[in-house]
Each structure stands twice: as structure tokens, then as C-alpha cells.
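Novice: Residues per chain, in single letters:
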Amino acid sequence: METFYFYLLALVAVVSGYLVVTCKSPINNAVALMMTFVCLANFYVMLQAPFMAAIQIMVYAGAILMLIIFVIMLLNMDSLKGQKTSHSVSWAAGLGVLIFIQVYFVLNRSEPTGLTGGITNQVVATVGHTQLIAQSLFTDFLLPFEIASILLLVAIVGAVVLAKKNV
Amino acid sequence: MENLVQAALATVNYAAIMPSLILTGFGMLLLLIGVFSKPGRTSHIAWISIVGLIVAAVASAQAWSALGATGVEFGFTNHVAQDGFALFFNFIFLVSAALTILMSDDYLKREGYAVGEYYALILFTTAGAMWMASGTDMMTIFLGLEVLSISLYVLAGFFRRDARSNEAGLKYFLLGAFSTGFLLYGMALLYGVVGTTNIANLGMYLAAHKALVTSPMTIAGMLLLLTGFLFKIAIVPFHMWTPDVYEGAPTPITAFMSAGPKAAAIAALLRFLLLGFDSMQAEWTALFWVLAVLTMTVGNLLAISQTNIKRMLAYSSVSHAGYAMVGIVAANAIGMSGVLYYMLAYAFMNIGAFAVLALAGKQGEENLTLEGFAGFGYKRPFLGVAMCVFLFSLMGLPPTAGFAGKFYVFAGAVEAGYIWLAVIGVLNSALSLYYYLRVMVSMYFREPTEDFAWVSMPMGAMICIILAIAGVLYLGVLPQQVMEMAKTAMF
Amino acid sequence: MITVHHYLVLSAILFSLGTFGVLTRKNAIVIFMCIELMLNAVNLSFISLSHYLGNMDGQIFVLFIMAVAAAEAAVGLALMIAFFRNRESISVDDFNLLKW
Amino acid sequence: MYDKLWLIPFFPLVGSIINGLFGKRYIKSEKVIGGIGTLAVVCSFIVSLSCFFQLSAGTEKVYEAVYGSWMTVGQLQINWELLLDPLSALMLLVVTGVGSLIHLYSIGYMHGEVGFYRFFSYLNLFVFAMLMLVLGGNALVMFIGWEGVGLCSYLLIGYYFEKKSAGDAAKKAFVVNRIGDFGFLLGLLTLYWTLGSKGVWTINFVEISHNAHLLGPGSVVVTVITLLFFLGATGKSAQIPLYTWLPDAMEGPTPVSALIHAATMVTAGVYMIGRMNGLFAMAPDTMMVIAIVGAATAIFAASIGFAQNDIKRVLAYSTVSQLGYMFLAMGVGAFTAGIFHLMTHAFFKACLFLGSGSVIHAMHHGLHHAHLNDDPQDMRNMGGLSKKMKVTYWTFLIATIAISGVPLFSGFFSKDEILWWAAGSTRGGWMLWVVAAGAAGMTAFYMFRCVSMTFWGPQKTNAKAKDHIHESPWVITLPLVVLAFLAVVGGYVGVPAALGHFVHIPNYLEGFLEPVFGHAQETYQIAIKANMAHSLLAEFGLMGMSVLIAGIGIALACYFYLKTDVPARFVAAFPKLHRAVFNKWYIDELYDFLFVNPCKRFGLFLWKGFDVNVVDGVVNGVGRVMQLFSAGLRYIQTGFVQNYAMGMVIGVVVIVGFYVLR
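Listed in order, the protein sequences are those of chains D, A, F and L.
The numbers in the working numbering rise by one with no breaks, and the one at position 70 of the first sequence is 70.
The numbers in the working numbering rise by one with no breaks, and the one at position 420 of the second sequence is 420.
The numbers in the working numbering rise by one with no breaks, and the one at position 99 of the third sequence is 99.
The numbers in the working numbering rise by one with no breaks, and the one at position 236 of the fourth sequence is 236.
Be careful, since some hints might not be right.
Claimed, not checked - If the Cβ cut is set under 8 Å, some of the chain F residues that face chain L in the computed set are: (1) Thr-19; (2) Val-92; (3) Phe-95.
Source of the hints: derived by calculation from the structure; they are not laboratory data.
Ideal Cβ positions, reconstructed from N, Cα and C, are used throughout, including at glycine.
Same shape as in the complex, but just chain D:
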């Protein structure tokens, strides 16, 4: 069942990913991207990371994609119809395949190993995923968390500076 579900979702994810890359209209791209995001959220659930799934939907699908669609609407992209792809499709496809082959080769040749932690499915189930995340985030990863806040501040200031019409 899990296997079937995985392959189904994977198929949807890849197909929608392909549509992101190939659809003519930016809006369609965005919708396809949304599909991919949702599939990934499903995977996160399967990987015992429900909090990440929720965040995935909220941040990616809810915030980023809305922003993108908003801008597409704002800029009224009719003018861009017909400018689907640039001239280098076959080369790009070749390179994309090459990247995939290389990564596949790498993954086939080596096992992920490493310092394993003690967070098994049981732990996640008993403690709760959100709490685990929070514990890590606010102890070990406090500094990156704070830097992320500065990052968002910078982004807001930057966006305001760039997008406003007059000084």
C-alpha cells in the first residue's frame, strides 16, 4: 500500500514538475508547481515529518506561490505568450539528463551513512514532531533562527525599496 501510494505520488510529482517546466502560461506553471508542493507535503507525512508538511503547505503553497501568482496577475503577462522556451532545449535537456545520471550514479554507488540520531518513529510518535523541531530549533539552532529573522527583515526592506514607485 505504502509502495503504491509512493509511486502514485511520485508520478504526480514528476508529471507536475514536468508541467512546471513546460506549460506555456505562467499561471499553469504556478498551478503545476502547487501540485508538486502538495505531493511533497504528502511525502513529508510519509517520512514522519507532519510539521514539515504543514509548513510546506503554508509557506510554499500558501505564501510563496500566492506571491508569485499575485505578481503574475499584477504584471498581466499576456505579452509573454508565445515566448515559451529559449532556443537551447535539446542542450538543456541533455544537461538535465546528465545531471540526473550523475546523481543517480552517485546514489547507487554509495550508502548514506553517518552519525545517526536517536529519533525513531516511536520517539516522533510519543514526543510529537512539532516539539522535537522546537527543541532543536530553540537550543542547537538558535543562532541560525535569529539570522533567519534578519534575513526576512532584509528581504522585506529590500522588496519595499525596490518595488515602491517613488522615493
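Starting from the known structure of chain D, arrange chains A, F and L on it as the hints suggest.
Specialist: Just chains A, F and L now, kept in the frame of chain D:
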């Protein structure tokens, strides 16, 4: 809950991030002040940001003198390490930022974009650079890199009514985000190999498990990760954004980008190489050997046929990154500390050169070509002499900072036995002469085609140029003391 | 049984697709979406590896990647709007002032 | 006085800074500016003089002054250090002595020029750089001076920047010099590395000569190192193949030519070889190359000198030729003779250049008054000036006699010493003597041709202009007289042993320079061959032959250019040969064709070709590229983000692929 708070507070060590903390504090203060300032009247903001940089420099100096026997102050569960290395780079960033801000005030007013956010963003960029240099965890470094990059995307496209600046910002953004993808993929693979994001742990784990060193996943992870940094340093073949972005961005930002962020990426790269991938040195020295030669050569060759001086300096900055790589290939004490020295020297000489450009440009900067510079040396004698000093330093003539820097990295390469690399480096700096010389020819051996009389001499820019000249000469004539500092800074 | 390898291969496919898109599309917004696709592929890798290794670091990393993606989206779209205002286009074909 | 060594370069530097910064706005007065500039060099001269006397009186012959550490790299310690020994002391006197005369002269010559202050500032800077070069105690301090003279010559040659040719000449001088400089740097790098691998990390000259033997006499590495250094010397001292910049350097004001040609810059290469004589003496192959290149340059440049009509160009080629002699001397191990000729050449060549400047000054003045646009430097417009400009004429004539090698004048002694060594040295040979003697005859010929065209015969100048030609002021003639005097007596410090034996004048110079050169010459057995050493007959025979050749040259020149129409007939008989010689054997064209144009095209190719075509071409496919090429370069679009991204991806794929799949 109580426990969590206590555990969180236990990791906090403000001393370890003091300089960057000061900068972010000042950055937010500037944003506030900016709100209450009239557009176009931003001199006080520039000066306050200078104060912020000075305070951060004082804090760094204090931390430097307080470096104990261990020579490092960890903080935030090993996420930052304030060691000599990070502090030395802090000075490079602070110097770049200070010189940039000094030349910016008048420039922004001339171009009509004088707002406080500009200075705040520069301070945030500097703070991001500091996190990159002091971070010992992939996440800290990555977030530092992103703070730096995102600020720079904005700053590169800061002149939003100027199509060239827009284009520069957008190009930089798209390619930068693209390279981030590779960087992250590399980090993911490495995380998969060792199960940690801490660089020191990564290094220890690889040293302890020799089999992993040859594992394709480790190598691929390392290479993808390096790619991300090489993009920021503008190493061939990841350099192609450089000329376009440098040309289109506001001149002070170009100056800043070529010095500060480049140094930050080199800092992070060095920390990864020396701490994380120490056991894979044979792999990466071979790679950097090739890339250094390519970068020097391509940068110089392409610079030769440029007529826009800003663009020419962009290509030249590519080649200078190549010279710095020579020190990394050497991978010995002289070479590595030579890289640190080179970046400091480069900050002075390159920002100095750009400061002259910023002053010489008319609004819209259409005149920064070789023709536009005809007779410049006679019309503006001081700026002409200053430009000559910077160009000599960029060429690597003694007794300037550029010479000392090149001398150290090449001497490091010679000591490590890379005599051919040093020879190629020397030949390349011979090649670079040709295009630097053309600027001087233009300045001194051509009839002036236009009137430079309108060039005003704003105080900030003058201070910037004088400081840069002083730095170039000091680092060239008496390099010993700074070099000793750079040596102690290497871990 | 679905192993971590399955997820990693899927992630590699999505990453390659994203790269392909970046190299072929002309619309800057679509290019940006393709970059988001690449980042999501990385996220999938991180979370699957985190799950496999039983350690939270990877998931925390994903959290930060999301923050970064949001920040990049804000700034990138602002840049595109500024560009659009000047040039009435966000096709990369029109990024043609700076060259050679 | 030794502890005041730093004062010697210090004075000109200060002079340069004062004039450069304050000359235009605050000083203004030409007299004050010129006075400051001249005084600075005179002060250096006085200090040099006292150092010289102290050195010749004292027992300590090598003095190193260290002014703090410059750079430390591992075990290599580089100091800010100056080195005073007989060689550098002698050079100091030549540089500052002739330099001060040229400064004095410039006050008169440059009178009324725009940028007078600039000129003196550059001139002082030039002297400063040369003094650093001479005094430098290690190769890097010397390199500062080495680069510095190149740079200042660039500024000075391009002084009349309104003239395009001046700018081009300056650029050429700089670029050619830099080729030489990189020979120097690469030589230094190799030396540092090889000596270091022997456990001696040093670039200090004294230590280099002490440890040179570690490299192994005649070994490949020492040959390579010395050849690289010699490449540096050919650039600076205008030897084949890097000599082309020197004749073009005539575009600068005449005092600059005098300074570059006589006392400074071009002698740097010879000096450097002398400075590292211990190293060079160890590499017989390099010495052979130096001797051959020197001899070839001597005769080659002399042959070009035949056909020049521009008075300064004649002198320029003569400088190249005379430098060839010096290198010949160095190559056969006659270091003392080389330095001796350097010194006497400084006197008479400075005198010749300043004399020609005086002539040009007068011609310019005359032509200006007559509102003529004739070239004041063209000898065909001159003639008969001896009556108008008596001092200039006599000093010029004396210097010409000296350079031609007429006995009892300084040039005779030094040139004869070189010829004697060329024939008799253990490193020399008869062929070298033949070539050098031939060049000597040619020198005598074209120099007297120059004198006869300029000063003798009927006056060919326009009648109106003629009346305005008159002798130059005292600031111009005084240096001429002093230099002419030196050109006569300068040779008596180094009277050859064979002659000195009879008149009881010892060879002072040889004794003085013994501490510098003696060691290398003894160690590597560089001396006059045993079978000739005691043969007075051989020495006098060679001397007599060289005098005879010089005499023939002089006689022919006088005969051709005063009495008959031989030159015209010669041109008529061999038009092609004349044209070839006149065009400097087409060397410049050849260089343009072989090097300059390909380099330009290469740069252009890589720029348009690589960034635009390769990346884009890979993207578009070869066919598309052909199409684009046919459509013309301007249709090639780039600046595309995606091409850049493509480049990155290709980079990643290649790098990862290489590492993962290997």
C-alpha cells in the same frame, strides 16, 4: 517549557557574535532614522553607519586582543567560532563596507537615490559576511550567505528606475538563486554522508572513516557545495554573471561586491576546505590548480578587449580571484595567510579604483569608457594620481599592496612546489598590465574630450580615496605586521 | 518497501527537471518557479535523509531553506516588478543591455 | 657617511613630490621648480661623492644598510636594504653626476613648456628610481627601481602626449620593458626556488654571490636562471630582440633621451649583470649568449644608424650599438671593461644628446621665427651650424671623437679594453672581435656623417630661419662643456695595462672594482688567455687595427658627405638595400605582423570568440553558430542569463563527472 528556555539561554554567547550584533543593531537603527529623514538628505545616516562600522571594528579588535590560549570563542552550540580567522576577515569586511559607504553618499545624491535603507542594507550585508566567516555550521554559513546575497540582489538593483541596474539585479538574483540550489544539494548529500551539518564534525568524521573520502557521494557533495561558493567568488566557469552585474550595479556596490562578499565566500570556502575537507586535500588542490589557471587566464584575456572601465575592472576582479586561488592551492601557511592578505589588499586597491570611477562618472555613468577618461589625469590631477596608485597595485608593481599580496601567494605556491602555477601567475600579471595600462594611457596620453570641471570633491569620497591610498601603500611598504596577523589568524 | 533511495532518486529527478526549466524558460518568473522546484527537491532529500538517519538537523535545515525561499521570492519578485516597470517585459531575452 | 646612504634616493624623491604636488599651483616659477629639481640631484651627488671617497679610502668594501624588514616568507627574509660597494658607488656618481647636469640643462631646454613642473617631477622620480635600482641590496628592492625607471620613462617619453606618436612610443617602451621585467621576475622566482631547495632562502645580492656555487657551475638550472635575468636585461637595455622601444623613445624631450640613454635606464641591464656577476660567471653558456647578442646588437644597430636622418635617431641607434659593446664585455667576462664603457659612454652620449638638443633647440627657434614647419630634427635641414653654435659644435665634436674611438679620448680606452677582452678572453673569440671592430668602424662612420651633415658644409637651412639660429644659453652649454671635458679625461681612470705600463698610469678602475668582480673572475678563471696575456704585440696590434678601422670610418664619412655625391650614387645604385636599411630592416612591421596583431586578434578572439561564441555556440549548436557568424558579429546576442546558467551547469557536470566517474 522552563527547561527549554534555560537550555536555549545556555547556548547564547553574545561575545561570540558581538561585531555582527552591533552591525545588525545599527542597521535597524538606520532603518528607523531613515523613516524620519527626508529623502535626499541622508548624509547623517551615512555617518552613523560609519560609526556603527567603527564600533564593530573596535569590538573586533577587542575580541582579537582577548583571544586566549585556545584562540577561539565558540557560541550557540558550536554554530559560530570567533577565532582569529573570523576576526581578520571581519576587518576586511569592515574596511570594504566603510570605504563603500564613504564614497556612496555623494554618489547616491547625484544619481537621485539617497535613502537610508541603502546603508542599512550594507550593514546587514557586512553582518552576513561575518556570519559566513565565523560560522562553523552549514546552516549558519548558508544563512549568512543568504543575508549577504539577498542584500546584494537588492543593492545591485537599487537604482530601480535605471534599466541597467534592474537588469544587473535580476541577473544576479536568478543566477545566485540557481547556484544556491547546487550549494544546497551539495549540503544535502554531505548531510546524508555524515549525518551532521557541523563542519568540524564533518571533518572529524571523514578523517575517522577513510572509506568515505573516496565515496562518490562525499565527493559529489563537496564539489556541489564548492560550486556555490565558487559562484560567489566568481571562479571560471562560474564567473559569467560578474561582468554584467558589476557593470550594471551602482558603482559603490560593484566596489563592495568585488571586495567584501568575495572575501566572505573565500572565508567560508577556506573553513570548509581546511576544517571539513582536510582529509580530501589531494582532491581539491588538483581541482583548484586547474580552476586557478583558468580563472586568471580567462579573466585577463577577456579584460583586454573591454572599453568600459567598470566592465574591465569586473573581468580583472575575476582574474584576481584566480590569484587568490593560487594561495589556496598552495595550502600551506604562507599561501593561506597570503590569501587573507591578498583579500585585504584587494579591498583597498579595488574599492579605491572604483571610488575614482564613482567620482568621475556623470549621472547615468555613460562616460566610464576609455574615451571618457581621455585626459582625465590632467583635468583632475589628484584623482589621476590616485587612480594610478590603484592601478599599479592591481598590476602588482612594488611597493604596493598588490605586489605584496601576489608575492605572498606565489611564494606560498613556490614553497609548496607548484612552481609552474607561480610562473603562470606571474605571466598572467604580465598580461593584465596591458589593459590596466590602457586606462593610464587614456588618462595621460589623450587629449581631453570632455570637461571634467563639474566633478565636485565631496568629503566622504576624498576620505575614502585617501584611506585607500594609505592602505595600499602601507600594505605594500610595511606588510610584515599585517602578514603576522594573517598568519596567527590561520587555524 | 520504500527506502531512502527512492526518495533520493525522486529528488534527483525533480532537481534535474528544475535545472532543465531554468535553462529553457524565457519568463523570469517561470525561471524562478523552476528554482523553487530545485529547492524543493533538495528539501525532499533533506527530510528523507533526516528520517533515515533519525536526526532532526536535516528538517531544521529545510525550515531555513523555506525561510530563504520566502525571502528570495519577495526580493526576486520585487526586482521583476522594477524591471517590468522599465521594460514592459520580464523575458530574459530583454536582459540585453549588459553584454560582451 | 655610510649611515646617510638613504639620503641619496631620498633627495630626488622629495624633489619630485614637492614639484609634483605644489609645482603647478603654488610654486609656478620655472626657476624655483628647476632649481629644486636640480638641487635635489646635486645633493644626492654630494652625498654619493662623500660615500665614494669614504669607500675608496676605507678598508671595508661592502656596506649593507638595513632599514627594517619588508616581507618575511618562511625562511626568506626580505629587508628594506641598500648596498654600497665599489660598483654601486661608481654607478651612483654616474647617475647623480650626469643626472644633475641634465637637470641643469633641462631648465634651459624646457623653458616655457606647458607642464614644466610635471617634467621636473617626473625627472626627479626617474633619478630616484634609478638610484633605488643601483642601491638595492636585494633583488626586490632593485626590482622597485627596475619597475620605477620603466614607469618614469613611460611618463617622460609620453610627455608630449598631444602627439600620438609620443603616446604610442611610451606605451611601446613600457610594454617591451615589462616583457623584460617578467624575465627578471621569473628568473628571481626560479633562483629563489632553486637556492631554497639547496637550503638557502635568500634574494640578497651579497648572499646570492656567496651561495651561487651551490647551484653547480654550468648546470642547466643556473643557465635557465641567468638567461631569464638576461631577458630582463635585454628589455631594459634595448638589446636584440627587445630593442625596438629605444629609438621610438626619441619622442620624449631631448633631456629625457639623454637621461634614459646615457646615465640611467638602459644601463640598468648591464649593471644588473655586473651586480650578479658571481651567478653569471657560473653559466658559460649564458655568457656566450650574452656575448653573441651583444656583438650582434652592436653591428645590427650600427647598420641601422647609417640611414637615419633624424639626428636623435642616429644617436638612439648608436646607444643600442654601444650597449651591445657593454653586453659583449659582460659576456666575455670583462665586467670591469663593461662598466668602464658604461661610464665613458654616459659622458659622451650625454654630451651628444644634450648637444643635439641644443641644435634642435636652435633649429626650432630659427624655424619658428621663419614660420616654417620643417622638422627641426632632420639633419638634411641642417649643415654649417659650426659657425653659429661654437660651444655646441666643439663639445659635440669632442664627444663624437670619443665615441669613435680615436686614441687618447675616453671612448678609445674603454672600447679598446672590450675589444681586447673579446679577442683574448678565455670566454671570447676572434669572431667577436671582428664583429665588434666592424661595428666600431661603422660607429665612427655614421657619427662623423652626423657631424658633417649637422655642423659642416653649406648651410641648408632656409635663409630666413638661418638668421635666428644662435647659441643656446649658459644653462645648456655649461653641462655640455663639463660633459665634453669628462668625455676626454674620463678614460684615464682605466688606462689599459699595456699602455699604462709605458706612461706609468695604473688602471685605477680595475683596482677599484676588484672587490666586486675579482672573485668571480678568479673562481671561474675568466682572464685573458695565457698565450696572449704577456704579448704586448698582440695587444698593440689589435689596438692599432681598431684605430685603423675607426680612422677608415671617419675618413669615409668625411669623404662621402663633404666632398662627393657618393651617397646619392649609392642610393641610386642600390635602392632596395637603402630602403631596407632606412626602414630599420622592417623590424617594426615584422613585429606588428608576428606579435602585436596576433595578440590583438587573440584577445579579440577570446573575448568575442569565447564568451560570446563558445558558450552561446554550445547552446545553439554548431550550425546555428555558422548562421550567426554569417549574419555578422553584431547579431550575436549574449548577456543571456541562460547562457550563463548553462555555463555553470556545464562546469558542474564536467567537474562532478570527472571526479565521480574517474
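Novice: Does each hint hold? Answer for all of them.
Specialist: Going through the hints against the structure:
no., hint, verdict
1, Thr-19, "holds (6 Å)"
2, Val-92, "holds (5 Å)"
3, Phe-95, "holds (6 Å)"
Every hint, counting from the list given before, is met by this structure.
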